[in-house]
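A.B. asks: Residue-level listing of the chains:
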Amino acid sequence: MQDKQKGQRLNVPMAANRRDMLRAMAALGLTTGVLGKFGISAAFGADFDWKKYAGTKINLLMVGGEGDDRAFADLVPEFEAQTGMTIEITAPALGPLIEKSLQNLQAPQSAYDVISYLGFLTTQQVGAGYYEQLNSYIDDPGLTPPDWDFGDFLQPALRNVGIFDMASGTVGKGTDVYGVPGTHSGSAIYFYRKDLFEAAGLQPAKTWDEFHAAAKALTTDEVAGASFIGANDFSLALVDWFTRFITIGGTLMTGDPHTKDFKPNVDSPEGVRALQMMIDLLPYAPKNVTKYGFAENVDGFSTGKIAQMIFWSTIAGPVFDPDKSLVADKTGTGPVPADEGQTPRAIQGGWGIGIPKNADPAKKAAAWLALTWFTSKKVNNYLVDKYQIDANRTSSFTDPDLLAKFPYLADSLAAASSAESLATARIPECFQLNDVMNVEFNSALLGIQDAKTACAKVQVQWEDMLRKAGHLA
Amino acid sequence: MSLAAAPAPPRSVFGKPENPRRTVLVLLGPCIVYLVLFSIYPLFHSLRLSFTDMSAAAGGGDWVGLKNYADLLVDPLFWNAAKNSAIMVVLSVGIQIVLGVALAMFFNLHLKGSWIVRGILMLPMLMTPIVVGLMWRALLNPDWGLIDWAIRLTGLEPPDWLGSVNMAIVTLVLVDCWQWTPFVFLIVFARLQALPLDIFEAANVDGAGPIVTFRRITLPMLMPAIVFAGVFRAVDAFRSFDLVFGLSYGGPARGTTTLSFFAFQHGFQFQNYGYAAAIAYAMLIILSVGTTVMLRYAQIRPETGR
Numbered sequence: 001m002q003d004k005q006k007g008q009r010l011n012v013p014m015a016a017n018r019r020d021m022l023r024a025m026a027a028l029g030l031t032t033g034v035l036g037k038f039g040i041s042a043a044f045g046a047d048f049d050w051k052k053y054a055g056t057k058i059n060l061l062m063v064g065g066e067g068d069d070r071a072f073a074d075l076v077p078e079f080e081a082q083t084g085m086t087i088e089i090t091a092p093a094l095g096p097l098i099e100k101s102l103q104n105l106q107a108p109q110s111a112y113d114v115i116s117y118l119g120f121l122t123t124q125q126v127g128a129g130y131y132e133q134l135n136s137y138i139d140d141p142g143l144t145p146p147d148w149d150f151g152d153f154l155q156p157a158l159r160n161v162g163i164f165d166m167a168s169g170t171v172g173k174g175t176d177v178y179g180v181p182g183t184h185s186g187s188a189i190y191f192y193r194k195d196l197f198e199a200a201g202l203q204p205a206k207t208w209d210e211f212h213a214a215a216k217a218l219t220t221d222e223v224a225g226a227s228f229i230g231a232n233d234f235s236l237a238l239v240d241w242f243t244r245f246i247t248i249g250g251t252l253m254t255g256d257p258h259t260k261d262f263k264p265n266v267d268s269p270e271g272v273r274a275l276q277m278m279i280d281l282l283p284y285a286p287k288n289v290t291k292y293g294f295a296e297n298v299d300g301f302s303t304g305k306i307a308q309m310i311f312w313s314t315i316a317g318p319v320f321d322p323d324k325s326l327v328a329d330k331t332g333t334g335p336v337p338a339d340e341g342q343t344p345r346a347i348q349g350g351w352g353i354g355i356p357k358n359a360d361p362a363k364k365a366a367a368w369l370a371l372t373w374f375t376s377k378k379v380n381n382y383l384v385d386k387y388q389i390d391a392n393r394t395s396s397f398t399d400p401d402l403l404a405k406f407p408y409l410a411d412s413l414a415a416a417s418s419a420e421s422l423a424t425a426r427i428p429e430c431f432q433l434n435d436v437m438n439v440e441f442n443s444a445l446l447g448i449q450d451a452k453t454a455c456a457k458v459q460v461q462w463e464d465m466l467r468k469a470g471h472l473a
Numbered sequence: 001m002s003l004a005a006a007p008a009p010p011r012s013v014f015g016k017p018e019n020p021r022r023t024v025l026v027l028l029g030p031c032i033v034y035l036v037l038f039s040i041y042p043l044f045h046s047l048r049l050s051f052t053d054m055s056a057a058a059g060g061g062d063w064v065g066l067k068n069y070a071d072l073l074v075d076p077l078f079w080n081a082a083k084n085s086a087i088m089v090v091l092s093v094g095i096q097i098v099l100g101v102a103l104a105m106f107f108n109l110h111l112k113g114s115w116i117v118r119g120i121l122m123l124p125m126l127m128t129p130i131v132v133g134l135m136w137r138a139l140l141n142p143d144w145g146l147i148d149w150a151i152r153l154t155g156l157e158p159p160d161w162l163g164s165v166n167m168a169i170v171t172l173v174l175v176d177c178w179q180w181t182p183f184v185f186l187i188v189f190a191r192l193q194a195l196p197l198d199i200f201e202a203a204n205v206d207g208a209g210p211i212v213t214f215r216r217i218t219l220p221m222l223m224p225a226i227v228f229a230g231v232f233r234a235v236d237a238f239r240s241f242d243l244v245f246g247l248s249y250g251g252p253a254r255g256t257t258t259l260s261f262f263a264f265q266h267g268f269q270f271q272n273y274g275y276a277a278a279i280a281y282a283m284l285i286i287l288s289v290g291t292t293v294m295l296r297y298a299q300i301r302p303e304t305g306r
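Listed in order, the protein sequences are those of chains Z and L.
Sequence positions in the first sequence follow full-length UniProt numbering and run 1 to 473.
Sequence positions in the second sequence follow full-length UniProt numbering and run 1 to 306.
The set of hints was computed from the structure by calculation and includes no laboratory data.
All the given hints hold, so there is nothing to weed out.
Taking lysine-lysine and the DSS-like style, the derived pairs with C-alpha atoms no more than 30 Å apart in a straight line are:
no.	chain 1	residue 1	chain 2	residue 2
1	L	Lys67	Z	Lys263
2	Z	Lys468	L	Lys67
3	L	Lys83	Z	Lys468
4	Z	Lys260	Z	Lys457
5	Z	Lys378	Z	Lys52
6	Z	Lys457	L	Lys83
7	L	Lys83	Z	Lys452
8	Z	Lys100	L	Lys67
9	Z	Lys260	L	Lys67
10	Z	Lys457	Z	Lys287
11	Z	Lys457	L	Lys67
12	Z	Lys330	Z	Lys386
From chain L, some residues computed to sit far from chain Z (all C-beta separations above 10 Å):
no.	residue
13	Tyr34
14	Arg48
15	Val64
16	Asn204
17	Thr213
18	Arg216
What you are looking at is a predicted structure, and each value in this text was computed from that prediction instead of being measured.
Beta carbons: idealized from backbone N, C-alpha and C, even for Gly.
Please take these sequences and the hints and turn them into a complete structure.
C.D. replies: Right, dumping it as structure tokens:
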């Protein structure tokens, strides 16, 4: 019992600040390194019975269309050869995935033994008690491969998708593990054109004032000084507005849904200013930026038409790929800009993966083995190397070979280590709240309303929805 | 003395005495089972759902009576979606009927080689709406779309097809017309081919000109086909979802959010299953009333057009 508690403290340094966390991570890395040097890991690995569940068929449900499913599909033959198990992967797009997941999680028995869920839905799915608690699996050397290394997962990503305190209904609190970062994680980083900045004698922006000044200075007929997601898109509020908002001192929500005082601060001065900053960029942004979603911005940057933007770090792969990008050798990355005195940070994105509580009990241990296999260091490295998918393990970000190949990984790691979880992800209405924000902010960018009106409208609609849902008295 | 033998009861194909009730059950049974399982049960299940607050948040959901319907009536987003659906129906169907009839009249001239053009004209109708949406989204892309590029070649500035709230719904209507005008044309053209020639010959003898002939003879006789095509297209346009999904995703600023897309958002994005079911039933009610009125109008006499 004592050992188990000790193991939990070691594996999940929840109450630690960032410095403690990094220290713990370093210690874990050192320990692993020392063990590896003396061949102890290898010995454990050799002793581990990979074939103990041979003949079992595992059904995995995960998102399709984001690259991870292709990578997993590549690895199925290797998995089946090593474990003797078979695996069937179902990978619908996000919308159908959510529906299918909920249908299975709410059924008497889930047809899927392992399910991947979006981090923003952790409260909805893990908080509803649908997933198996994993601490006993993690701590059991008979069930968990010795080199799986739970402590290697990025801690903010783990807190975002895996740790949940059922008593208080709070994600990221306590030491109970219900999922691990599965498929990809990630945050937003700053992308800029090194050649344009050098030619103009500018330094990459560290503050939003510098970002705006660079946008103004670098705008030409061929190149937009800056871009952002201006379309009515999932990431308009989550990446562009939210990053500006929190790095100029904004706090999205105050209070707690459980005490019914969960109040939004969208119409705060910081909220209005964050949106106004985007409106002020319109003269220097691509002409059609209000129609720019994810693909348009990646295309625009890769074809050399955008000088700088903040964006999901996951696009670094295609942007730095000479086969897909005209600016592969001209692009630089860095932390997102922030006001003086503020920490550069952005939103925590990513996926979790877990075992449904109502999965076939006879297959749960086999499902856990499959889960550990597909979230191992080796697989994570493969995801980064082959598809440039955002890593969720520290070792993948710091792998010398990968780092030499993809220099942006250092900035991605910094961003992922300081990423901030979306406060509204604590409640199941998260997606609906986000939709309201995207629509109103898109309207403001289209010139239909000003920033103050847009933020005020979001505030009113959010408060109304929070009251109806019982999160605000 | 011999008694006349009673006629043998009719036998079924299986050689057993025929039991009409059993035969009916055997023949209709599979069909009834299919209908109950895949039509009637889902219909009643979703109706029941619309009276609950079932959602991802609330789980199984409690019975809330007419609350979802009451909420719909005061939800400005529902009325916005209803307005967009109404615009889609009125504009799309109106344009498609005018163009469809015009095309039918044109092809009825049987010009040389017109059969080839007629075949090509049908192609959009054969495409999946989601593909049509994505294809037009690419064609109208303001940065690299073929259509904007072609317009710029002429020295003109292309419209903001999908970027302005007012223009986006017009674009949606235009793309819908591109795909479905051939359907109206096909129905009207088939009817046109079947019209009796003697009436036209009589009109010609009486000295009726082409405009009078069209207005007083052709159009009234085409009216049942036009109404049929109109009702069919109106129902389809009212339920328009996949085109919206592929082309504009309901934006900008909810300018192209139709009722189907609104129901999709609540059902699949926000997981408010009860509310989404209520939206679907509100659509069913509107459609039932609308089609009843239109079909009543369709009961016209071709001779008089009334």
